[in-house]
Structures are given as C-alpha cells and as structure tokens.
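Sequence order for the protein chains is D and U.
To convert, count from 1 in the first sequence and add 46; that's this note's numbering.
To convert, count from 1 in the second sequence and add 752; that's this note's numbering.
Since the hints were made in silico from the structure, they are not lab data.
Ideal Cβ positions, reconstructed from N, Cα and C, are used throughout, including at glycine.
Keep in mind that the hints are not guaranteed to be accurate.
Stated by the list, open to error - A short, non-exhaustive set of chain D residues, derived as facing chain U with CB atoms under 8 Å: (1) Ile73; (2) Gly74; (3) Ser83; (4) Tyr118; (5) Pro149; (6) Pro171; (7) Leu173.
Stated by the list, open to error - Label pairs and their calculated CB-CB ranges: (8) U:Asp1291 to D:Arg55: 37 to 45 Å; (9) D:Lys168 to U:Arg985: 55 to 63 Å; (10) D:Cys150 to U:Leu1222: 52 to 60 Å.
Listed below are the residues making up each chain.
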Amino acid sequence: MSDRRPFSRRDFVNMAVHALLSLGGVIGLGGLVRFFSYEPDPGPPDEYNLGAAVDYPPGSRTVRLDIPAVIYNRDGKLVAYSLTCTHLGCTVEEDKQGGFVCPCHQSRFDADGSVLAGPAQKSLPELRLEVQEDGALHLYAPGGGHR
Amino acid sequence: MVRYLELIAIVFLAVGGILLASTSATASPSLQDTAVAQATPTFAPARLDRPATVFPPSQADIGAQTYWGMCMDCHGDHGQGLTEEWLNSYKPELRDCWQSGCHGADYPENSFEILKGGVPALSGPGSLARFSNAYELQVFIQENMPFFPTGSLTPDEAWPLTAYVMRLNDRQLDTLNLDEVNGSVIPVHRDVSLPGKQLPGVLILSTVLLLAAVGLAARNKLLSGESVPKGQRANFFHHLHPVRIPARQSRFWYTLGAGGLAVFLSLVLLFTGLLEMYYYIPTPDQAAVSVAMITTLVPFGSLVRNLHFWSAQFLVIVMTIHLLRVTLTGAYAPPRRFNYLLGLGLLVLILLLDFTGYVLRWDEGIRWALVVGTNLLKTIPWVGEALYRFVIGGDIPGSAALTRFYAWHIFGLTLGAGILIVWHAFRVRRDGGIAVSPPEVRAGKDHITRFELVRREGLAMVIAGLVLVLFSLAVPAPIAPPISDASAMTGDSRAPWFFLWIQQLLKFGDPFLWGVLVPVLVVVVLGLLPYLLPNAKADELGRWFPPGNRIAQGLSVLMILAILLLTVLGAFQ
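Construct the complete structure from the given sequences, taking the supplied hints into account.
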C-alpha cells in the first residue's frame, strides 16, 4: 500500500466500511463492558445487630467470627476490633497470650489489634459501635469488615 | 491512505466512546416521590384523602389507589400499621371500630376481629422481615390479604399492591413492572441497580451496521470489471476460502446461503452462550432465578438471551432449508454422500442442543416437556431404563439432571457440533467446492475471487446480524416463573416447537413406536436417500430438481411437509 495511487471512490468506500465495522465493534465492546458490570452478589452487610448491649458485661471479650470482630467491654466502655488480617485478609485466630495470630502468614497482633510481628504492617482497625434507642448494640463494618 | 484510515478509526473510536457514555448516563433511575405524610397525632382529614392520580400511572401508582381503598384503614397511610397515632387521625366517632360498624353490621358472623398482635407495619425497621423478594411478598399478599375476605385479590391487584409496598420501603423500581418472573430477583430489603434502556445503544449499533451493509453492497458496483482488487492483500478470512470460485457455484438462488447462515448463527450462539454462562447458575433453586436476573437486571442481558434463543430457533429452520436445498438439487450425489451424513448428524446434534438449552431455564414452562422427553427414553426396550438414568442421573429429574443437561449443553454437545461443523466445511472443500456448476458453464472461465466471496459473506453476515438484533429487541424469549411446587399441575404442557411434531405423533398410540421409532426412522430414511435411491446424474448437477433423484426429492419434501403439518396441528391445540 506504499505506492502512491490516486485515492479512488472504491478506496473511500473500503475505508468507510472498515471504519463502520470497527465502530460497530467498539459499540458492541461497550455493551459487553456494561453486560459484565452487573454484580449479582449483594456483599456482606455494613451494619450488624449484636443484640442487647447489656449482654456485653464489663470485662467481657466476645469473638464474632461471622463478622469477623472482637468486642470488649472495658469498664463499661465498649470497643470492637476487626479480626480481618491487614496483610492479605485472612481471619485471625485467638492465641494463648490473649492476642491474635493469622493462620495464613503468622502475623501476630495483641488484644488491641496492634502488630506484634509481621508480615502485617497495620494494626487491626477499630470498628464503630453504637447503642441504639432500644438498647441493641450495632456494629458498623464498612465492606463487612473484609476490607 | 493508511494514515487517513488510522485517523478516521481514531475519530470513530472517540465518537463511539462518547455515544456509549451518553447512553449509560441516561441509565440512572429517577426518584419516585413517596407520598409520606407527616405524622400528626390528631384528626387530620387530608391524610385520609385518596392519593392523587398520576398519568401515566406506574405500577406502584395503581397500587396506591388500591391500598387507599383496601389496606390503608389498618396498615396506615405510610405503612406504619395500626398505631395509636394512626387511629387518632380518624374522626373521633370512627375510632371505636365496633361501634361504627366498619367491620360489618352483623359482627361477628359476617365479619372479623383484628388480630391480638395488632396490625403489622409494612415499612420501617424490622418490617417485612420474612420476605426476601417481591415475588414472596406478592404471594403472601395474594393469599392472605385483605384480612377480610381473605384471598379476594386478583393478581392484577396484588402485583400493583406489591409495587406500592416496595415503594413504601423506599425501593426504587423506576418503570419496571413487577411480575411473577422478575419479582424473584427484586429484593425487598435492598436496592438493586436496574439496567438502563438498551434501545438507544442497540439502535445506534443497528444504524452503523446498516451503513456498513450499504457500503459493502456499494463496493460491488465499484468493483465491476476487476477480478482482483488492486492493492488488496488476502487476510485470514480470505485464506479460509479457495482462491477462485466458479461464479455459478456461489450464486444465491442456488445455495440460498443456508450453509453460511448456519455457520454465522452457530457463532452467534457460541458467543452469546458464553456470555450467559457468566450469570447462569445451574442449580434447581437458582436456575430460573438466574435466567430472570439475566433478563431483568443485567445490562443488555435480555438482548443477549433473546439473541441466543432466536439464533437457536432460526438455526433449526435454516438447517432444514439447507437440507431441503441439498436434496432438491441432488447435490448429495457421490462423492458428497458422506458429507450429507455429517450434515444430518449436525442437525440431530443441534436439535439436542436446542432441547438441552430449553431445559436449562428450569422454570414452569419446561417441566412437562422434560418429564415427557425423558420418560420417552424409558419406553425403549432393554436399554431404555439405563438410558433414562444416564440422561437424568437418578430416578426423577432433579439437580443431577440439571447438571448433566448443563454439561451436555455447554460442552459435550457443543464440542461434538463444533467438530462436525469443521469436518462438514472441510469436506465441502475436499469434495470440490460449494457445489457443482451446471454442465454448460462447467468448463467456463467465469470466476469470482475469494475477495468477492468474503465480501458477499460479510454482507450476508451484517444483514443477518441486523435482522437478528432487531428481532431479538422486539420479541422476547419465553420465560416462566421458577418451579415452585413440585406437585402442582401448572405450566405449559407443550413440547418446544421443534418437537411439537413428536408430541403430535404420540397421540397416535404406543409411545415407543410413535415417540421414538418414527422420529428415528425419519432420520434414518433421510440418511439413506443417497445410498438406496437413484442419485442425480453428473450432467444434471448444479440445477434445482434434477430428474435423476426425483424419488428422493419427493420423499424428503413429503416428510418435511408431514412434520410441518404435525407441528402446526400441535401448535394450535
């Protein structure tokens, strides 16, 4: 195609056909992107009802692996930490020292979620707790605590 | 010239991208106002007013009127239930229901008592906890409401009421009309993103394809007199074809383009089927729901499913036309006898693919066809029972059957059909091209190039694709509610249309004879045509209706007509 010949009508029609077919392909591709954009799964809830706040007496420590989170009542003050390892997202387990250990890569955290040993760099995040008007304790875990 | 081409391509890409962005931008659902009155603890006549009519009314607007007439007295003006606050909005003399007689003058014989637990709220925290989707909610409303007389609602009232209760819970359904199919994929307690309109995008695509078809057709006029276009190099698709094809062999009114069209439809099926696999869930609980999800919630999902469905239906028709063309031109004469058998095998595989695909919906529409179709296998002597168990993987069709149909449909049969298609096309080349030319032009030099052949194929594909897209846009593929009660005699008891003739045959008597032997015999007779009956002579080939194989022509037409007649009879019963 390097030889210089006049740009004929046929060349123009050829070019137009190619361009139109490519455009059709691009539109189809865009439709495809939108087709794949639908997500059937709702994802975990952002908010958990933990039951009556009075069921968490002072000094208690409750592990909820379904969230996963640990809820402490320290002299009347309720705090919760995520139990999702900040390294690559496994759920950490309780160890004998009262802290947590990740079964996947052995990151260690103390009872307050601070890192004792890597590979995790960040401590386990604290999760927001609220006592509702009806006395129920609600825990807020953005992305279900899996983030 | 190359630079021009690239430039134009870039411009088109940009324009296409902008168009796409604009169509997706219109997809955001509009907020529908929920008429929530302020809670006032005193008599407030305005709260008891009939809701304003909206035109055109959405389903929830219609439900709002019914709700006002039937449900509001007890459930409250915004679904709060019969609270103290709501009771106090009544005129004082009406607050004591027993006195005012609103539960019937002859209480208790012809009337009812309000439940001890009160009237539940329909919206707000904790309400409707037992319902996960709109379909369950509708079933409850239909079966249990109004409280008196229970079950007096028609589906035409219950669905709008469901839509209105969904609105009371802030579910935004936009213009979606809830029904027993899509209701199962609309959750009560969370919002789902509804797809935008697919019409604008599809119309833009159709216009582009139409222009391309016009260009492809116009190019032919500009090509006249040139056998090989100057400066054109053969690409992959050109290389799939012979370098030169006798012109008479490739004329439309001889081949009808049926073989090529069948290949195109198969490719569409392969592609759209692949797309459906990304959302389809092959379990008895989820199959019909996931199909409803594809049609209701996935952007362009209904288009993809309709394309898949209609391509499959058209493929059966196109293959039948292809078969008739081959018999009526005697084209299966040696050396093409074997390829004719390959084609016939392909038709059988496609019918099985159609049937397995039909079953994958696993909804009320397919269950009797599945039961009858698989029970027919049992009637085969000696091997019937084993064959039945092999097909459905158990005593009765259940999850094992669905898994097997799925595996056959997406892989087993598809692989077999793919191999046969390639083999069939290879044998066409091996046996001397598309068809034999009539004797008087056989030695002639009248040829077209592979460039011209590919152009024609391209044109045919664009036109076929256009027709298919527009047809799929206009006519939805059938879908029915999920199978709810295994013992209920509901649903369509008719076979899929391509097996209606067998269903009609079954009325003649013995199921093994009419439902198995006769259909198998039809295929066997068709397969034996080139082997047992006289074939067209060499100098008769290349034309319609050669005298040499008149008997076979008559026989094949007779059989197809009989099948057609039985199909029509079955369809109108």
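Each hint tested on the structure:
1. The interface hint given for Ile73 of chain D holds, since its Cβ lies 5 Å from the closest Cβ of chain U, which is under the 8 Å cut-off.
2. For Gly74 of chain D, the interface hint holds, since its Cβ comes within 8 Å of a Cβ in chain U; the closest pair sits about 7 Å apart.
3. The beta carbon of Ser83 of chain D comes within 6 Å of a beta carbon in chain U, closer than 8 Å, and the hint placing it at the interface holds.
4. About 27 Å separates the beta-carbon of Tyr118 of chain D from the nearest beta-carbon of chain U, more than 8 Å, and the hint is not met.
5. Using the Cβ-Cβ criterion of 8 Å, the hint placing Pro149 of chain D at the interface with chain U is not satisfied: the shortest such distance is roughly 31 Å.
6. Checking Pro171 of chain D against chain U by beta carbon gives a least distance of about 25 Å; that is not within 8 Å, so the hint is violated.
7. The beta carbon of Leu173 of chain D is not positioned within 8 Å of any beta carbon in chain U (closest approach about 21 Å), and the interface hint is therefore violated.
8. Distance hint check for Asp1291 of chain U and Arg55 of chain D: the Cβ-Cβ separation is about 43 Å, which falls inside the suggested range of 37 to 45 Å.
9. A hinted range of 55 to 63 Å holds for the C-beta pair Lys168 of chain D and Arg985 of chain U, which are about 58 Å apart.
10. In this structure the hint that Cys150 of chain D and Leu1222 of chain U lie 52 to 60 Å apart at CB holds, the actual value being about 53 Å.
Taken one by one, the earlier hints fail for this structure at numbers 4, 5, 6 and 7, listed in ascending order.
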